[in-house]
Amino acid sequence: MPECTFGRAIDLAIEHAMARDATIVLIGEDVPMLRAPLVARFGTGRVLAAPISEAAFLGAAAGAAMGGLRPVVELYMVDFIGVGLDAVLNHMAKLDTFSGGGWRCPVLIRAPSGGGYGDGGQHGQSLWGMLAAIPGLTVVVPSTPADAYGLTATALGHDGPVVLFESKLLSAEWLEFLGRGARDSVTFDVPPAGARGAVEPGATVPLGQAAVRRQGGDLTIAAVAVGVHRALEAADRLAAKGIECEVIDLRSLRPLDRRTVVESVRRTSRLLVADEDYVAYGLAGELAAVALEAGLTPRYARVCLEDTLPYARHLEAAALPNVERIIAAALRLTD
Amino acid sequence: MHPDLYRQMLRARAYEVAVADLWRRGLISGEMHLGTGEEAVAAGVVTHLRDGDGLALAHRCSPPLVVRGVPLVRMLRELLGKPDGLGHGRAGHMHLFSREHLAGSSGVVGASLPMGAGLALAASRLRPRRIAVAFTGDGALNQGMALETLNLAVAWNLPLLVVCIDNRWAIATRSADVSGGEPGERAAAFGWQTARVDGRDVLAVHAAAQTLIGRLRKGRKPAFLLATCPRLDGHFLGDPMLRMARQPLTDGRELLGEVAGAATRKGGDLLRRVGGVLRMTRLLVQARAGAERDGRGDPLQQARDAMARDPEVRDRIEHEVHDEIASALEAALIDTPGGVDA
Ligand SMILES: Cc1ncc(C[n+]2csc(CCOP(=O)(O)OP(=O)(O)O)c2C)c(N)n1
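Protein chains in written order, with the working numbering: chain A, 1 to 335; chain B, 1 to 342.
Since the hints were made in silico from the structure, they are not lab data.
Hints are not guaranteed to be accurate.
Here chain A is said to cover these stretches of chain B; the calculated rule only asks that three of the stretch's residues, wherever they fall, bring their Cβ under 8 Å from a Cβ of chain A [to be verified]: (1) 233 to 244; (2) 330 to 338.
Every beta carbon over 10 Å from chain B, so not counted as near; a handful from chain A, in silico [said to hold, decoys possible]: (3) 23; (4) 100; (5) 104; (6) 146; (7) 189; (8) 203; (9) 242; (10) 259; (11) 306.
For every residue, glycine included, the Cβ atom is placed at its ideal position computed from N, Cα and C.
Please take these sequences and the hints and turn them into a complete structure.
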């Protein structure tokens with residue numbers, strides 16, 4: 001199995017799918033340069049440079065999908081989905097219902113997300129909670145190159161709209177482009193297992209299936225993306241204190257693997273959510289509801305983003321769900 | 001040449017040069033977009049603003065803020081992420097705000113136009129003869145909210161000047177490759193009064209802005225100024241395209257290798273593939289040509305040449321600006337290990 005970076009894993013899955021399926025077109029700002037190898041392989045008819053017109057090209061992607069294409073739309077960052085949200089919220093997500101079922105909208109939105117490199121509160125949001133709230137959308141959030149490949153491959157065979165989150169901190173290419181800029185004078189707290197790993201060409205990862213990354217009986221930690229790696233590091237350190245954590249990588253938020261969460265919480269009676277997205281009205285609250293609806297009343301805590309993501313690197317590091325915050329919350333739950 | 005215009009241009013440039021150095025030292029994070037090449041536009045327009053006028057900016061916001069008189073130390077402290085920065089270190093370089101100057105910026109491309117329209121609306125209700133100016137890039141004029149503002153501002157007859165800085169690029173895309181029509185023609189079609197200037201020529205910009213702003217203060221319809229400019233330092237500091245364009249054999253090797261690999265795999269229509277690769281090569285050549293500081297294309301050099309008739313004044317301004325920036329930098333770095341000299 002070849003090793004590759006997180007971002008490259010997504011590129012590869014898209015390239016493999018494009019080679020198989022001639023209806024796939026790639027749309028996005030700067031894609032002729034950012035995805036130059038795809039231009040060289042598939043030509044300008046299938047790799048379309050977009051003007052800075054998110055409302056129009058997301059809307060056009062919905063229409064193109066209605067007409068038989070399978071667009072992959074790249075956003076520069078998920079923060080900018082605000083500009084074109086209508087196409088996602090009111091069109092892609094509703095077509096199936098409004099058409100009486102059967103007319104599906106197969107669009108893949110590739111959305112770089114998250115902070116950790118000091119780009120400020122308009123360029124470091126996660127927003128998967130907001131998007132996963134929308135019926136009709138599929139939302140996937142990989143944390144490893146293997147899952148990035150597998151979920152992208154699955155999404156490109158799925159017949160509805162999918163938002164694929166690409167954590168910029170895991171994606172060496174984005175981090176270089178947006179954060180490092182060929183400098184040696186800056187460093188980033190990149191989880192190695194998320195940034196680089198083995199990828200199996202052709203492999204898929206099913207939607208709605210979480211992965212248990214570590215087993216333990218004292219406390220369930222649920223997370224996605226970078227949060228998974230922070231949780232695993234926290235779990236290592238907590239084990240030294242005699243606390244055994246079960247770490248669940250949810251991988252897909254809609255559909256959500258409620259069963260894996262419920263089964264784990266039933267055993268541990270404690271649920272901690274480590275989420276880089278906003279704390280309120282999102283994933284963390286949703287998982288509490290999942291437990292309650294299953295008749296469980298675990299001790300519960302959430303380590304999330306409480307405020308607008310600060311620009312200053314040290315403030316940003318403190319605001320993100322870091323290892324120290326996760327450990328502190330875990331100790332409170334297990335005291 | 002009006003000496004103050006030269007001074008303002010020089011301040012804007014010297015500020016950015018200092019910022020580039022801080023960025024290289026790793027003291028500034030994220031995407032740092034310099035406004036080098038835009039100094040004549042900033043100076044030519046912003047020197048017409050008065051107290052109570054609003055200023056809406058995009059991600060390349062430093063030159064207008066410097067010219068507007070926003071305290072340099074507080075700007076620099078924000079870039080360094082310090083608690084006494086403009087946004088208490090929580091905002092960053094794409095999000096510089098100064099309420100005192102009614103100035104705001106945004107990293108969401110296109111957002112400066114509606115923000116400017118709103119500031120203009122507030123001015124028209126609350127502050128007679130006051131206006132708002134929105135700076136925007138050429139790429140941003142493809143954004144829905146920007147195009148909608150072209151209509152809105154006319155419908156409400158807002159005292160808004162949109163200054164479109166046309167550097168022909170939006171990151172790695174030539175605007176012409178993804179745009180229909182000219183920005184100025186678009187605005188004219190909506191009923192704006194429009195003007196077009198060479199954005200390297202500070203006197204031309206100053207005169208055009210004077211006419212348009214003068215009319216706006218008398219209640220005439222919104223105004224659109226298109227100013228062409230070079231982009232001297234790429235899209236942002238560390239711009240890989242610029243590095244690739246300058247050193248294809250070292251900085252471009254990886255991408256070129258990937259492209260060559262992909263080109264030999266089974267794929268789409270051959271003509272479109274070749275066309276795509278040629279287009280990429282053309283972009284690299286253009287990126288390199290646009291960023292050459294050959295003197296002729298640099299607005300600051302042009303202004304300096306124009307000051308040659310008055311070398312004493314020029315030297316004095318250069319000294320004063322040098323001192324101003326040096327002391328701002330020293331104050332901003334007061335608690336940074338190594339300070340100015342590291
Ligand atoms: C809504 C939105 N889409 C995309 C981006 C990414 N982006 C940042 S700057 C930029 C190019 C802007 O081009 P232009 O308006 O011409 O300004 P310039 O950078 O050339 O000054 C893009 C696409 C963004 N910040 N916001």
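Okay, the hints, checked on the actual structure:
no.: 1; hint: 233 to 244; in the structure: holds (count 7)
no.: 2; hint: 330 to 338; in the structure: violated (count 0)
no.: 3; hint: 23; in the structure: 12 Å, holds
no.: 4; hint: 100; in the structure: 30 Å, holds
no.: 5; hint: 104; in the structure: 25 Å, holds
no.: 6; hint: 146; in the structure: 21 Å, holds
no.: 7; hint: 189; in the structure: 13 Å, holds
no.: 8; hint: 203; in the structure: 20 Å, holds
no.: 9; hint: 242; in the structure: 38 Å, holds
no.: 10; hint: 259; in the structure: 39 Å, holds
no.: 11; hint: 306; in the structure: 13 Å, holds
Going down the numbered hints, you'll see the structure goes against just number 2.
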